[in-house]
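Make the full structure from the sequences, and use the hints.
Chains R and H, in that order, are what the protein sequence lines are.
Residue numbering for the first sequence follows full-length UniProt numbering, starting at 1 and increasing by one per position.
Residue numbering for the second sequence follows full-length UniProt numbering, starting at 1 and increasing by one per position.
Since the hints were made in silico from the structure, they are not lab data.
One thing to keep in mind: the hints can contain errors.
[Unchecked claim] Dumping the calculated DSS-like pairs for lysine-lysine here, alpha-carbon to alpha-carbon at most 30 Å:
id, chain 1, residue 1, chain 2, residue 2
1, R, Lys185, R, Lys107
2, H, Lys229, R, Lys107
3, R, Lys73, H, Lys229
4, R, Lys130, H, Lys229
5, R, Lys185, R, Lys167
[To be verified] Here are some chain R residues the structure puts well away from chain H; computed CB gaps all over 10 Å:
id, residue
6, Gly216
7, Tyr222
8, Gly295
9, Arg359
Computed from a prediction, not measured in an experiment: that's the story for all the values here.
Every residue, glycine too, gets a C-beta built ideally from N, C-alpha and C.
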Amino acid sequence: MPKIVFDQVSKSYGSVQVLQPLDLELNDSEFTVLVGPSGCGKSTTLRMLAGLETITSGEIYFDGKPIGHLEPKQRDIAMVFQDYALYPHMNIAQNMSFALRLAKVDKSEIDTRVKRVATMLHIDHLLGRKPAELSGGQRQRVAMGRAMVRDAGTFLFDEPLSNLDAKLRAKMRTELAEMRNQIDKNMVYVTHDQVEAMTLGDRIVVMSDGVIQQQGTPEELYKTPRNRFVAGFIGSPTMNFMDGELTEQEGALWVRGDGYLLPVAAEAAARLASHGTREVAIGLRPSSITNVINGGAPVELQIVVSEYLGAQSVLATRCGSNELLVEVASAVPIQHGTTQTFEVNTEEMMIFDRETGLRL
Amino acid sequence: MSDKTYDKQHPAFFALLAALIFMAVGPIVLMFVNSFKLDVDIISGTGGLLFLPTIQNYETALCDVLWYELDHMDFCSLKFGGAFANSLVIALVSTFLTLVLGCMAAYALVRFKFMGRDTASLTTLMVRMVPPAVLLVPVFGLWNNEFCIGKTTMVGELIRDMFGGRGDICLAGTHSGIILIYVAMNLPFVIWILQSFIVQVPHSLEEAARMDGANPFQIFFLVVLPIIKPGLAAAAIFTFRIAWNEYLLASALSDRDTKTVPILIVNNMSEFNVEWGVIMATGMLLAIPPIIFTLLASRQIITGMTAGAVKG
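Given below as structure tokens:
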């Protein structure tokens, strides 16, 4: 299981640069998730690692050895494709054993390995069938089984769950997380779904516009996002952003905007003091706003829509001209169109530079 | 529901259907019936179905392969057996070569980026636009005068010693000469039809094979080729039938020993007599191999070969 290092790797198609020079380290036996919106370059990064795309400049190292010029099969990697890419003319056992047969592995050895993986993925009863006779979830398992049979050092997943329906996706996600703990391999996983990223990743790399925005553990990304993009991308429902201005009143730092005036927590105020800018945007997670009044910073919100989700409800509200999502317990009755006083946990409020988007 | 849809058909629909069936089956029935009549019955004008069936025409047609002596003729001028073998060899070999070259060329044209790809793709189709009759004279000249091994050269003498003969060893009059022109004639069509099949093979399948450690040849032969099998079958049917039925080029390029069945049939016509019965009987025999070939090949034509490979 090699340590994978990207050194100033970039990718251009003609004159279009889709990936800015990027540095990335994937540690041994770590589950790394590349996450970002469509077209952010995460799949390109993965495909360059796989050897399916050429590297325009820079180099990728496996344990210090450059591998940028190597064919995929020389890199000791297995990949699960977004659209499964099962060979339609082979049955499941043949699909799974294709790589081993090409590598001229002993026949009995192939059999035992296919059986073992198939049992592990609960597809051992399907081995004689053709891909066309399987359901989406089963095909997904076969695609994963095909990669696992290889016993490669590094596993690559290219949005493997994006073609499944929501329920199945959640189930497979859990199984993947379970599998992750069983298999001691490097895994690189690409997804645009931040929930998948959060639940699966030991480490998450957030990408946008061909640039790595931030990398870290799920908790780090959630609690201390580096910029507005990461803050908005991680977390569900998404973070609310409101433009505001820093003002000083009665010796304390406040942030004032359309329809609100909120105090800045002491710790953040200390950091902001050194900063010149007054033009900011505040970020509030929907869970940081509550309708349980407990002596915190109050804010008046007009409730537009209430989405009942069971134990929780998500309220679409208006604060001045800003739209704000609020997550509250469903126990408290909510009336549409009314204006109510909510309370903001200012400790969890994040303040971003409006110009650069960096968190202050 | 199904009953209703049948009830609603307009009578004209059935009339059209009957006309189509008549047009399709009529000539074959006519040929089949007449192949069992004596020439006298065929041209007598009574034309009805009342006649004494005879297999004499078939006996005449097959005179060189029959194991018994025929009463009604003293000399067997028709070499059906030989011509049939020629036809079979020429059609099968040219079909095989066309498919092998065609699928590789089509794959290269679809998947590889190289200079002049679009031009190459277009010109293959343009070759198809040239009528075979236009090719006939130049090909005849080339095959007879240019593509020859001189009788005085070493190779030429070697062949001369082994097979005999008088003049230079030329492509004209050989199986290879006819096969070559058939391959050239059918290749554009095969490339064109296979391109459309290869385009449908998902890219990710080839990438998956690459990840599984397959080299380009393994990707082509183990993954792409089995998937486009229906396309290969369709192309095979067309090329086989064209090669089997072709008359014009074969008539000019074949010699006594390499003539094909269509040429043989025409040999039954002379300025004195047209032996309709024998022509019909040979025609019936000629029709059998393409039917068998089509039946076998069309089994491979199943739709949805890529089903289950990738999600929507």
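* Which numbered hints fail -> The structure conflicts with no hint, since it agrees with every one listed earlier.
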